[in-house]
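Asks: Given next are the chains, with one letter for each unit.
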Amino acid sequence: MPTVVLMDASLSMTRPVSLEGSEDFQRKNLAVHGLTMLFEHMATNYKLEFTALVAFSSLWELLVPFTRDYNTLQEALSNLEDYDKTCLESALQGVSNIVQQEWGGTCPCQVVLVTDGALGIGRGSLRHSLATLKQRGEDKKFPLPFPFPSKLYIVCIATAEELQATDAMDNLEQLLALSGGEGQIFTMDAPLCLKSVQALFGKLIDQAYMPFHAVLRCGNLASDVQVFPRPEHVLLDEELEPIPKTVHTELEIVGFIEIGDIASPPVLSRHLVLPIAVNKEVDEVGAGAAEEIEEETSTNQMAGKSPNFCVLLHGSLKVEGMVALVQLGTDWFGMLYSQADSKKKSNLMMSIFEPGPEPLPWLGKISQLGPISDALENPYGEDDSKSPFPVLPKSKRSYAQNVTVWIKANGLQTDVQKILRNARKLPEKTQTFYKELNRLRKAALGFGFWDLLKGVAELLERECTLLPDSAHPDAAFQLSHAAQQLKLASSGDPKYLAFDHVITPMLTDFSGGGSGTDRM
Amino acid sequence: MFSGAFTSVGPSGWESGVLHQTHRTGDLQPVNTSTMMMFSVSHKTVFVVDHCPYMAESSRQQIECDMLTKGRAQGMIPLAPVSKSLWTCAVECSMEYCRILYDIYPAKKLVNYIVSDSECHILNTWREEDQSVQELMTALAAVGPPNPHEDPECCSILHGLVAAVESLCKITGYQHEARTSLADVAHRVSNRGRIICLTNAKSDTHVRMLEDCVLETIQEQNKLAAGSDRLMPIQQCELVLVHLYPQGDDTLVSDRPKKEMTSVLSSEVHSVRAGRHLASKLNVLVQLHFDLASTTITNIPMKEEQHANTSANYDVELLHHRDAHLEFKNSDIGGGSKESGIRETITLKWCTPRTNSVELHYCTGAFRISPVDVNSRPSSCLTNFLLNGRSVLLEQPRKAGSKVISHMLSCHGGEIFLHMLNSTRSTLEDPPSISEGCGGRVTDYRITDFGEFMRENRLTTFPHTPVDAAGRAPFERAKAQLERHTRYWPMIISQTTIFNMQAVVPLANLIVKDTLTEDDVLTCQKTVYNLVDMERKNDPLPISTVGSRGKGPKRDEQYRIMWNELETLVKMHVETSERHQQVLECISACRSKPQEEEERKKRGRKREDKDDKTEKNGKESEDKQWTQDTDRLKGKVEREKENESESGVIKDSPDSPEPFNKKPRLMLEDLQPQEKTKGPVSLLSLWTSRIAQANSRKHPEFAGRLNSISNKAELYQHLKEENGKDVHENGKTTR
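Residue numbers (full-length UniProt numbering), protein chains in the order written: chain A, 1 to 520; chain B, 1 to 735.
Hints are computed from structural coordinates only; laboratory data are not their basis. Accuracy of the hints is not assured; some may be wrong.
[Stated by the list, open to error] Where chain B lies over chain A, by a calculated footprint (3+ residues, C-beta under 8 angstroms):
id : region
1  : 132-138
2  : 164-171
3  : 304-318
4  : 435-446
[Claimed, not checked] Once the Cα atoms are required to be at most 27 angstroms apart in a straight line, the calculated BS3-like pairs of lysine-lysine come out as:
id : chain 1 : residue 1 : chain 2 : residue 2
5  : A       : K134      : B       : K259
6  : A       : K245      : B       : K202
7  : A       : K344      : B       : K403
8  : A       : K408      : B       : K526
9  : A       : K365      : B       : K349
10 : A       : K134      : B       : K258
11 : A       : K396      : B       : K108
12 : A       : K394      : A       : K442
13 : B       : K202      : B       : K258
14 : A       : K408      : B       : K281
15 : A       : K394      : B       : K513
16 : B       : K108      : B       : K281
17 : A       : K47       : A       : K203
[Unchecked claim] Example chain A residues on the side facing chain B (calculated, C-beta under 7 angstroms, incomplete):
id : residue
18 : P2
19 : M42
20 : P266
21 : L272
22 : S367
We put the CB at the ideal spot given by N, CA and C, even for glycine.
Produce the complete structure using the sequences and hints provided.
Replies: Below, the structure is given as C-alpha cells:
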C-alpha cells in the first residue's frame, strides 16, 4: 500500500513551541523530526513501501514522487520552506490526482497528513469546505472519500486539548469520517517536545508500518517469513457486528494444486513472502536501528548460506507449475506460488482469497479437499492425464444447455426454419426433425403459445403438399403425422398437452423393422 | 504475467452469487442496506403473473414464421403470421429474467412463481431443487394459456398478490440455516423480498387498490408470522407492478417511480407495451435488482456460415455483476447511472488467444456471466468456444497509447466467468529476488524431490465424506499427511544419503504411511536386505563430498552414516503402528551383524575411521533444524567410540600406530590432578606450573608448545590433518 505524506507547510507551522529553558523549536521542526523517524523506520523495516511527499499551504506541490529512496525523501524534507495559509481541500484533491495517476483507481493507499491543526480561515479553510459540502455541483465535489480505497492518518503537531479548544478536532473527525472511517487521528502529549513527537510517530508506526512476521509451515518444515505488504484485516459483510478477520501469524500449507486447476482465481490482495533469518534479533520498535546495518548485512550473508524452506518451496513450485494452498485463519485460505518479476528474478508470492469456506466454486469447499492417497484411485490418473478439478456445479447454466428463447422474432424464426429444413430432408433427417419439433413443442407449451403449434402444423401440411414426386413416400407420412400431433396439442387435448409427452416418428412400412429412425 | 498494481477488493456480501460481490475497504459510507445485510431484498423474488381471461388477448406483435426460401413456390400465399398473447409475452419475459438470474446467481437468490386467475397457482417453492427454468417451464405448461371464456368476474390478480405476501413470510432454507446457527440472536436474521407483478390493470385507481391490498396483507401476515416458528414477518417488501397492454392501445395506467408507501412497503409502477418493450423493461429490471452491468465483447472473429473461409467480426453482449466494472468507476470509459432505463454497456475487445498455455493471472475478481441473447449464433459461438476450455483476454479499446488488457473470459466447470485483471502499476515491482535472501546462496536444494513430494501431496475433493472415521475433515487429513511426510526431510542433497539412493525409495515411500500392510512390511524388509547385500558387495554410496576436501569418508563409514540416517527416518515413524516398529527392528537386526564383522576384519583402520566419523558428524549438524537428530547420531557415535576404547587390547598392541593428533590437555589446571596421581610433586614442576599459570593470564600459550609432545612441537601438522580443519571451522568439533 503506497503512502503519501501530506505535509503542512503553512506559516502557522513555524509557531515556536514555548518551552522554558530549551532551544527554540518550531512545530515544523518537530514534524520534520517525527517524519525523519518514520522514514528511518521504513528504510529499515518496511523498505518496499512506495512513499511520496507532498507539501501544501494555499497551494500544493509534489516534492518527491513515489519512491523507495528514503534519502531523497529525507533531503526534500530538510529543504522544506515556509509558505502562507492552510488550504486542505485543494491539497487533498492533489493527493487524489497523484495517486490515481500512479496507481489507478483500485489500489489502496495510505495518506499521512501532518499538520499543526490550524486549519485555515475563511475560504479554503477546512471549516469552510465542510460547511459547503452539500452545496456543490458534480464538478466541484469534495475530494473525500478518495476514489481509491484509502486510510487517512492525521498526525497533529498539537495536543488534543489545543485542538478541542477550537473546532479543529471536530473538523478533523469529520474529515476522517468523510474519508470512509479507515484511519486515525494522532495527537501529542504535552509538553510539545522531541520526546513527545517521537512517541507520536511511534504510535503511527505501530498502527500502520509494523512489518508482518509469520511462520510458514508445511508439516515439520518451516521458515520464518515477512509478509509484505502487511495483510489487511477484512470485515465480513454480515448483518451482525462485523468482526475484522486478521491473517494468522502461522501460515499452514494444506496441500498442493496445479496452476491449471486453480485457474487464475480472484484474490483480495497479493503479498511477497520473504524469508527472514531465524535467530536475528529484530528490533521490534524499529526506531533508530540504522547503525546496525553493517552487522545486519553480515547476518544476512550468513543466512544466505543456510538452507531455507521458502527457497526450496519456491524452486519446486516454479519447476512443477503448482501452487500451495495455505490456511490463513479459520475458513480463510490463500495460495503460494512463484512469481517472476523478470527473467532472472523471481519470488515467493502469496495471494489471499476472500474469507469463507468456499472461495472458489471450481475447487468446492476447501475443508473437503483431502490427500489423493485417501482416494480409491488416483484422481489425477497414473499418468497425470486427469484432474479432479474443476468441481462441477449441480446444474448447468443456460448457455451450456440448449435453451429456447423467442423474445426476438428471429429466435423463433430460426427454430421454425430448422424444422422445415429437416422436413425437406426426410426420411434421412427423421431423428433431428423430431428432436427439433419436440423442442419447439415443449417451449410453445411452456409459454402458452398454442397458436404457434397450429401455425407450424399448417406449415408442415403445406410442405407435405409441396413434396416433389421423387420424394421418399415415408416423408409424406411423417409430415402429416407430425402436423396431426401438433394440431391435437393446440386444440387443447390434455393427452397431447402433457409437457413430458414426446412426439415419436410414425411407424411405417418404409421405416424398416419398426424403429423408423435409423435411416441416417 | 502479473503486471498490475496491488489491489484489494473488500469483503464480500454474504449472499454472493458471484465471487467478490464486494464493496471496497474504505468505501463504507452511506451504508447500502442491500449489501450490509445478511438477506437483502433480492434473496426472495415472487413473480405474480396474471392468468385472467384478458391475458389471452393478442399482443398484436406479429411474427412471420413462414419465411419463404428463395426459388421455392413462387406466387404461393404465405401463411398468416402468428402473434403472442399477453400471457405468452409475460411468461417468456419473466422466464428470461429468471434465466439471467439463475445463470449469475446459482444459489441464494430464489424465485417463487405464482399465477393468478380465479384462484392462485403456486408453481414452485423456495427449495433449491425447485429453482430452475426447466422446473418453472414444466409447471407453466401444466397451467397452460388463460381460458378466454372464463368468467372475468371470478378472476383477479389479487389472489396471486395475497399468495405472494404469504410466500414471502415463508422461511427459506438459507434463512433457516442462518437462524439455527445464530440461535441466540435468531431474531436478527432478516426477511425481505420483492414482488414483481405482471398484470393488465384497469386504471391508476386499480393500481392503488392493488397496492393497498398488498399493504394490508403484509400487516395481517406479519401478525400471524410473529407467532409462528416457520414464518417470518416481512421487514421490507418492494412491489414492482408492471402493467402490460397490447401494441397500438393507449395505456390507462401511468408510470410511477419507486415510492415508500410505509416503512415496510415500497411500490413502483411500469406501464409497458407487450412484446419487445416488455422484454427490455424486464432486462433493465433484472440488472437493477441484482446489481448487474453489461459488457459487449466486440471484434469476435467468426467464420461465415455460407463462406467457410471468410470471417466477419461480431459483438456479443454479456451481463454480470457490476463490480466487474469497478475500475471504470472513475474513468471516462463508461459508468453512470442506469436509472434512465437506457441500457449502458462497456465495450471490450476480443484478443485472439495465441497459446493454450496455463498462466496464473493476477485477478482481482471473477463474476459469472449470462449472455443477453443466449441463443443467437454469435453468443453461442462465444460460449461454446469458452466451454471448450479456452480463455479469452479482453482489451480496453483505446484510441492511442499502449494496449491494456483488463479482463479475461474463462470457463470453470461449465460456468463462464468474467475475470477482472489488474492493469495498473504494481506496488510490488522490483522486489528483491529470492536468491538474494535467506537460503538464497544454497545451491543443492532437493528441488526435484520436493516437486515429487508436492505431487504426492496434491489435493482432491471429497464432497461425499465430510469427515472420516476419526472425525477429521479431509483438509485436516491433508495437513496430517504433510506432517507425517516431513518428519525427516533433509532440504539439501549434501545433507542426506538415503534420499539419494534409489535402493531406499520403496521403504522411504512406505514408512510415511499412516498404516502399513503385511506386504508393506515385507517390502521394507526387502529394501533393508538389499542394502545389507550392497554393503557386503561393498557397492559405493552416493555420499556427498561437498565441503570436505579429499576423498571423503571410507566405504564402511559411509554405510554407517547411511544406516544411521535410515534409522533416524524410521524412528520418526515408529510410534505410528506395530508394523512400523517391525521395520525398525529389522534395520537394527540387520545392521549390527555386518558391523561387528567389519570391526573384526579391519581393526587396524579404526583410528583413522574415528576421525572421518567426527568430521562427518560435524558437517551434518550444520543444519539447525536437524540438531536434534544429529545430536542423537552424535550420541550414538560417541557411544561407539567408548566401546572401542574399552577394548584396550587393540590400542596397546604394538602394531597399532600412535594417533598423530592425540592432543594433550590444554590447560595446566587439568594436568595437575593427573600429575598428582603419579606421586609427590617436584619443586621444579611446582615452579614451572606457577610460572605457566601466571604467564597464561598475560598471553595465550604458544600453540605449538601446548600441542607438543615432550616439548617438541611438530611443524606443518595441518598438512596431515586437512580434513580435521573443516571440523574446526564450523565449531562443532568433538574432541
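Asks: Run through the hints listed earlier and report the numbers of any the structure violates, in increasing order.
Replies: Hints 1, 2, 6, 8, 9, 15, 19 are the ones this structure does not satisfy, whereas the remaining hints hold.
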